Structure formats: structure tokens, C-alpha cells
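Enquirer: In case you want the letters, here they are:
Protein chains: 2
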Amino acid sequence: MKMLEDRIRKDGIVREGNVLKVDSFINHQMDIPLFREMAKEWKRLFAGKPINKVLTIEASGIGIAAIVASEFNVPVVFAKKSMSINLDYNNYETKIQSFTHKKIYNVIVSKKFLTPEDHVLIIDDFLANGCALMGLLDLAQEAGATVEGIGIAVEKGFQQGGELIRSKGIQLESLAIVESMNSETGEIVFREQPQQN
Amino acid sequence: MKMLEDRIRKDGIVREGNVLKVDSFINHQMDIPLFREMAKEWKRLFAGKPINKVLTIEASGIGIAAIVASEFNVPVVFAKKSMSINLDYNNYETKIQSFTHKKIYNVIVSKKFLTPEDHVLIIDDFLANGCALMGLLDLAQEAGATVEGIGIAVEKGFQQGGELIRSKGIQLESLAIVESMNSETGEIVFREQPQQN
Numbered sequence: 024m025k026m027l028e029d030r031i032r033k034d035g036i037v038r039e040g041n042v043l044k045v046d047s048f049i050n051h052q053m054d055i056p057l058f059r060e061m062a063k064e065w066k067r068l069f070a071g072k073p074i075n076k077v078l079t080i081e082a083s084g085i086g087i088a089a090i091v092a093s094e095f096n097v098p099v100v101f102a103k104k105s106m107s108i109n110l111d112y113n114n115y116e117t118k119i120q121s122f123t124h125k126k127i128y129n130v131i132v133s134k135k136f137l138t139p140e141d142h143v144l145i146i147d148d149f150l151a152n153g154c155a156l157m158g159l160l161d162l163a164q165e166a167g168a169t170v171e172g173i174g175i176a177v178e179k180g181f182q183q184g185g186e187l188i189r190s191k192g193i194q195l196e197s198l199a200i201v202e203s204m205n206s207e208t209g210e211i212v213f214r215e216q217p218q219q220n
Numbered sequence: 024m025k026m027l028e029d030r031i032r033k034d035g036i037v038r039e040g041n042v043l044k045v046d047s048f049i050n051h052q053m054d055i056p057l058f059r060e061m062a063k064e065w066k067r068l069f070a071g072k073p074i075n076k077v078l079t080i081e082a083s084g085i086g087i088a089a090i091v092a093s094e095f096n097v098p099v100v101f102a103k104k105s106m107s108i109n110l111d112y113n114n115y116e117t118k119i120q121s122f123t124h125k126k127i128y129n130v131i132v133s134k135k136f137l138t139p140e141d142h143v144l145i146i147d148d149f150l151a152n153g154c155a156l157m158g159l160l161d162l163a164q165e166a167g168a169t170v171e172g173i174g175i176a177v178e179k180g181f182q183q184g185g186e187l188i189r190s191k192g193i194q195l196e197s198l199a200i201v202e203s204m205n206s207e208t209g210e211i212v213f214r215e216q217p218q219q220n
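Protein chains in written order, with our numbering: chain W, 24 to 220; chain S, 24 to 220.
No lab work stands behind these hints, which were simulated from the structure alone. A hint or two may mislead.
Because identical chains share one entry, a pair is satisfied inside a single copy or across any pair of copies.
Said to hold, decoys possible - Straight-line C-alpha distance at most 20 Å; calculated SDA-like pairs for lysine to any residue: (1) Lys44 with Tyr112; (2) Lys135 with Phe48; (3) Lys104 with Ile131; (4) Lys135 with Arg32.
Quick caveat, the model's predicted, so the values are computed rather than measured.
If we strip away everything but chain W, and leave its shape as in the complex, we get (with noise of 0.2 Å):
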């Protein structure tokens, strides 16, 4: 998507590591008109889909998910994170590994909110390693819901997640896609997407 692709041209910070700062107009602020030209794009790419509600995870994930989730008129559903083991038989609950802050999380739904009968569509910032995605994954497997699709604003095409997702056949509509970085220029390369506005 262009106006994310030259946001983040613009806001975007790179440092030393293959870290890509979006904290400006992503995950901290969080610019909302923006947020709607994304849900837009969501909404054309996943056209015809029926899709009846939006799962995230906690918690830069939910302000994405909430302005989708508005384009698309249905409810969203976020999985919580925990650091201690749930023993409530009303949840599904899955682990993720998270690199950036050297944990693993377990990460539950309820078991109320996630149904055979749901057709989601998954929301969430950052696609990287793909963790995150694969858990919501599993906790959608689990309730036996159907996933239509997979909406990421920002993937790193550079590592391996993209490719794991898109390997099970799964939608995934990424916004812009990072080839490659240079945190002594500024420079970021993006992957070419010919069927995006």
C-alpha cells in the first residue's frame, strides 16, 4: 500500500539490527485516519470473504484491529497474554515465544468468543518470526473457527514468517513489505505487491 510504504519512508526509524521504529504512527501513537485508509485496503483485499469477526493479540495489535473491525461492521476478539499458567477449563490457550522481550507468554481466549461458527480475519502490526501469528493460529485451530485471512500492516520479508503463512495456503495481505534495510542511510527497500493500491 503506497501511503504506508511513504509513512513509513517518512516516520520510519532504522536501527543497527534490523529494527525498523514505527512508534510515531503504529504502536505508540497511533495515527487513526491512516488506520481507516488500511482497513479500506483490508476490505478490498478480502472481498467476498465472510468474515464475521477480527482476532488480535494484546496489545499494539487491538487499535489496528478496532478500525478493521469497524470497516467490516463485525466485533473484534483479542487474545490475552499471561505470564502464569491458567488453569480455567473455559479457555483455549496457546505459548508464543517472544523475541523482543526474551519471554514466553501463555495466551488465551475464551472459549465464549471463538467458535466452529466464527470466520475470522486475523489482525495484527508486525509480522517478523511469525510467532505471535502461529499462536493465534493454533487458538483458532483449536475453537475450530475458520480463518479467512490474515491482515499485517507491516511484514519483515526478510524473515521467515511471511513465507511460513503463506506456505499453509493461508490469505495474507500484508501492507508493506520490508525487503531490506540500511540503518546508516535510512534507506528501506519494500517488496513490489502489484495487486495493492
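Start from chain W and add chain S according to the hints.
Expert: Showing chain S alone in chain W's frame:
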């Protein structure tokens, strides 16, 4: 707000110890069309205020804040919880005690995203003892930002948070104020608020 009170009566679950579960429509599954109506009501209640930013705290406040920000056409900044001491001087920092989780969190917001130029509307899902709100007010004060008002979905009117905030002269608009609950009968009594729809 009658629509929210009706929904709490219908889908809220009263548990022993004055616990009110609204996780089917507010803070695990989020009813986005309902959030849009709530956002319109806050737009009416805070009409004329020069609000340029919505401030909230992760995680369950983010969804409502995003929809409210969309109605006001402004960005959201969410304060982040952290269990570790943060030595980054680029952040404002405060401490918030969580009675639910029996922990003290460090809560931070980047100095880049909260400044003396900001006129913020604080949004959160729940107000009980007021600890989270007092923390957000601390952060706004550290930043020199103006708090134009506070919007809360559900206030527990029998706890001290609401009185604490109102005694500071801040415009606090809770769309439903629970005066009392009965876990045996499930009955919920709301405070009358004549200025609200």
C-alpha cells in the same frame, strides 16, 4: 447512556465481591458498533473542547480509544505497562497499582508523544478505585499536557475513583455508573445522569 446500561443489564454478569464481567462486549470481545455509539455520545458531551489526542492505557482501553479517536479524527497515544524499571530518559514514567492483578506496574509514555501542546481526552473501559486514571493524569501533568476530560465506559459508583477525579474539577463522563449490584439476583442499579442520552 441508556444503550450501554441496557446492554450491561442484558449481557453483564454480576459475581460475588462486586465483580461485574462485561467481557462479552467490552474487554475481551469488543462490540465495535456499540463503541461507535459510545464515541458519538462522548463527542456530544465534550463538544467545543479543543481535543487533539486521545490518551489511554494498554490493553483493554485501546479498542474504545481507537473508535473514539476515529470519531474525533485525532491520534491515540497509549501508555505502556512494564514490570521492569525503565531507564530511558525519553519517557515519562509513573507507577500504577493493580488490585485485580495484585501488582505494581511501571507505566510509561514517550516524551515525543505527549507535550505541552496536547489537549487530551483520556479514555478507559473501567473506573473503580481510580489508580489507572491517576497514573494517566500524572503522565499528562509531567508532560505539561492539558486534560480536557475523561470518558469512561463503566464506573463503579460505589468505589472512590469517580469522586476523587470529580473533586479535581475534571469533566468526567462515565456512560454507565453502577450504584449497586446483587450477585444473587443479578440486579444492577445505575445512577441517574440527566445530561446523557
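Enquirer: Would you mind marking each hint as holding or not holding in the structure?
Expert: Quick rundown of the hints versus the structure:
1. Lys44 with Tyr112: between (38 Å within a copy, 17 Å between copies)
2. Lys135 with Phe48: For Lys135 and Phe48, the Cα distance is within 20 Å only across copies (12 Å; inside one copy 33 Å).
3. Lys104 with Ile131: both (7 Å within a copy, 19 Å between copies)
4. Lys135 with Arg32: between (42 Å within a copy, 19 Å between copies)
Every hint, counting from the list given before, is met by this structure.
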